[in-house]
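Taken in order, these protein sequences are the chains called U and F. Position one of the first sequence corresponds to residue 1 (UniProt numbering), numbered consecutively onward. Position one of the second sequence corresponds to residue 1 (UniProt numbering), numbered consecutively onward.
For the record, the hints were derived by calculation from the structure and aren't laboratory data. Virtual Cβ for every residue (Gly too), placed ideally from N, Cα, C. Errors might be hidden in some of the hints.
Stated by the list, open to error - Each computed DSSO-like pair below joins lysine-lysine, with the alpha-carbon atoms no more than 27 Å apart:
#: 1; chain 1: F; residue 1: Lys-356; chain 2: U; residue 2: Lys-38
#: 2; chain 1: F; residue 1: Lys-154; chain 2: F; residue 2: Lys-171
#: 3; chain 1: F; residue 1: Lys-88; chain 2: F; residue 2: Lys-380
#: 4; chain 1: F; residue 1: Lys-129; chain 2: U; residue 2: Lys-96
#: 5; chain 1: U; residue 1: Lys-96; chain 2: F; residue 2: Lys-171
#: 6; chain 1: U; residue 1: Lys-87; chain 2: F; residue 2: Lys-311
#: 7; chain 1: F; residue 1: Lys-362; chain 2: U; residue 2: Lys-96
#: 8; chain 1: F; residue 1: Lys-311; chain 2: F; residue 2: Lys-271
#: 9; chain 1: F; residue 1: Lys-380; chain 2: U; residue 2: Lys-64
#: 10; chain 1: U; residue 1: Lys-87; chain 2: F; residue 2: Lys-177
#: 11; chain 1: F; residue 1: Lys-380; chain 2: U; residue 2: Lys-87
#: 12; chain 1: F; residue 1: Lys-129; chain 2: F; residue 2: Lys-154
#: 13; chain 1: F; residue 1: Lys-362; chain 2: U; residue 2: Lys-87
#: 14; chain 1: F; residue 1: Lys-154; chain 2: U; residue 2: Lys-87
#: 15; chain 1: F; residue 1: Lys-356; chain 2: U; residue 2: Lys-87
What the hints assert, rightly or not - Far from chain U, by Cβ distances over 12 Å, these chain F residues were calculated:
#: 16; residue: Leu-40
#: 17; residue: Asn-67
#: 18; residue: Asp-76
#: 19; residue: Asn-77
#: 20; residue: Pro-123
#: 21; residue: Thr-244
#: 22; residue: Asn-320
#: 23; residue: Pro-330
#: 24; residue: Ile-381
Residues per chain, in single letters:
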Amino acid sequence: MEHGSLTDPSQSTFSLVDEDHTFANAVRFTLNQDPRTKFCGYSIPHPSDNRVNIRIQTTGDAAKTVFTDSCQDLMVMCQHVRSTFDKAVVDFRMSKSVNGMDIDSNN
Amino acid sequence: MSSDTEDTTSGSESEASDSAKANSTLDFIEKLSDVPMGRLPPNIEFQRTRVECKADAPIHTDTFQYNGAYASMGVDNNLVDSFCDNFKVEVINLTEDEMEFDMIGIDPALANAFRRILIAEVPTMAIEKVLIANNTSVIQDEVLAHRLGLIPIKVDPRLFEFTENNTPNEKNTIVFKLHVRCERGGQRISVKSKELIWLPNGSEYPLEPQDTKSDSSSKPKTYTSFTCSQDSLPEFSDNPIYPTSGDITIARLGPGQEIDLEAHAVKGIGKTHAKWSPVAPVWYRMLPEVIISQDIEDEMAEKLVATCPVKVFDIEDIGNGKKRATVARPRACTLCRECIREGKGWENSIALQRKKDHFIFKIESTGVLPPEVLFTEAVKILEDKCDRVISDLS
Ligand code: SF4
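The task is simple: from the sequences and hints, build the whole structure.
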C-alpha cells in the first residue's frame, strides 16, 4: 500500500504487510544505491503488527518507480547470487571428485 | 579558530602576522599533492572496507550504502552495477548436512537477509498435531507432543502444500504412528524416533465411533481425507518418509506403560515455530585479517605464539639464529583480542581487522534438505518477495 500525496509523487511511504527487516533492510540497500533517491529508510511501527513502512523521497522521479526499480535490482542481484553459488558448488564437487580419483590411483 | 579569537582581542598589530600566517597556510595547501579523483585516498578506502578491532572496541563498523557518499572525491559508491563482476562464492567444505562457503563482494544487508530467511522462512515439514489414544508414560501428553514436533523429518517439503482450512489430505499431511509398550516384568525401554512409522494411507483413527449398522464396505471416515495412498505417488514410491535420525529419544517407558498415538506433520516456516526451521544454526562472520606491522622477534615471538588460543601465529627463521613471528592462519582468528591486550606490549605492532564484504557463511542443516539446496531456496524466497512487491505496486 502506498501513502503519498497526489500532487507530489516524488515522496511516499510504502506500507508492506507480512514483511520485516529481512526484506526492508535489503531493499533499503538497493534504494540507497539508486542515484535518484534523496532519502530512504524503514521502520516497523509495532512489533506485534506484521508490517513495515518504507519511506522514499526522490530527486524528482516518482517514488513508486524508484521503489519498483530497486526491487528489480535486488531481484537481479539474487539471481546472480544463485547462479554464482550453484556454479561454485558444482566446481567444488568436480574438484573433489578429481582429487578423490587421485587418491584412488595413488593407492 | 585561534586566529579568529586573536582578531577580536588584539587589533591592527596582529593583522600583518595574520596575513603572513594565511599566506603560509595557502602555500601549504598548494603544495599538497592533488586529491586523487576517481580513487579514494587510502585512509578512507580503509575505513570503507575494513572494521578495525582495537583493544577496547572495534571502529569503522558501519557500511556506506549511500551511492553518493564519496561523490565529492569523484568516486561513485554504486555497488549494484559492479556487483555482477565482483561477486564471488568459494565453497570451503560441503557435506551432507553441513556447508561452509565464502561470499565475497556483497553487502551485509543481503548476507543477513539470506541468513534470516534460512532460519525463519524456508519451509519444512514438522509434526503439528498429535492424536493420543493412550499415554501411560510419565511424560505428559503436551510435553510428548512438543518433543515429537521437534523431530526433523526427512522429506522434501517442496512436494507438499501448506494446509488450508484444515483439510488434511495426501498433499499437505504426513501421518506417523507410534505404538510402543513396555511389557510387565521386563526392563525399562527408551522410545526412539525410529519407532515412528509412516502411514501412507493417512490416519487410521475413525472420526466417529463405528456404526455397526452402516455398510461395512465403505471405509470409515478418519481424521484425514486421503484420496490415494502416498506411496502410490511417484515421489515417495521408492523413498519412504522417516525422521532424519532414528536415534532421538522420545520417551522412556517403565514396565506396564504404553504410548499409542498418531502424529500429523504439516508444512510450516520457522517464523511460526522453531520446529520448522531447516537449519540447526546458520551464521556468518567477516573474514579476519591479522597484520604484524612491527617485527616481533625471539622470546617475544614465542610468547606471542603461545598467547593465541587458536594458533594464528607461527615462527620463522630469519637467519643468524634469529626468529620472527609470522601470521600463518589468519582465518582461524576469533578476534578474542588477547594478543593486543594492554600490558602485553603488542597493541601497536599487531593490527586486527575484518573485511566488511567478505563473509564466511556456515550452514548446518537439520538434515531435511542438503545445505546447498537450502541456500538456493532462501535466495529464491527473497526473489519471490521482490516479485510480490513489484506486482502489488503495479
Ligand atoms: S585476536 Fe585472539 S585469535 Fe586472533 S590472533 Fe589475536 S590472540 Fe589469536
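Outcome of the hint check:
no.: 1; hint: Lys-356/F x Lys-38/U; verdict: holds (25 Å)
no.: 2; hint: Lys-154/F x Lys-171/F; verdict: holds (16 Å)
no.: 3; hint: Lys-88/F x Lys-380/F; verdict: holds (18 Å)
no.: 4; hint: Lys-129/F x Lys-96/U; verdict: violated (43 Å)
no.: 5; hint: Lys-96/U x Lys-171/F; verdict: violated (38 Å)
no.: 6; hint: Lys-87/U x Lys-311/F; verdict: violated (33 Å)
no.: 7; hint: Lys-362/F x Lys-96/U; verdict: holds (19 Å)
no.: 8; hint: Lys-311/F x Lys-271/F; verdict: violated (39 Å)
no.: 9; hint: Lys-380/F x Lys-64/U; verdict: holds (23 Å)
no.: 10; hint: Lys-87/U x Lys-177/F; verdict: violated (41 Å)
no.: 11; hint: Lys-380/F x Lys-87/U; verdict: holds (16 Å)
no.: 12; hint: Lys-129/F x Lys-154/F; verdict: holds (18 Å)
no.: 13; hint: Lys-362/F x Lys-87/U; verdict: holds (18 Å)
no.: 14; hint: Lys-154/F x Lys-87/U; verdict: holds (26 Å)
no.: 15; hint: Lys-356/F x Lys-87/U; verdict: holds (24 Å)
no.: 16; hint: Leu-40; verdict: holds (17 Å)
no.: 17; hint: Asn-67; verdict: violated (5 Å)
no.: 18; hint: Asp-76; verdict: violated (8 Å)
no.: 19; hint: Asn-77; verdict: violated (8 Å)
no.: 20; hint: Pro-123; verdict: holds (15 Å)
no.: 21; hint: Thr-244; verdict: holds (21 Å)
no.: 22; hint: Asn-320; verdict: holds (41 Å)
no.: 23; hint: Pro-330; verdict: holds (22 Å)
no.: 24; hint: Ile-381; verdict: violated (9 Å)
Consistency with the previously given hints fails for numbers 4, 5, 6, 8, 10, 17, 18, 19 and 24, ordered from lowest to highest.
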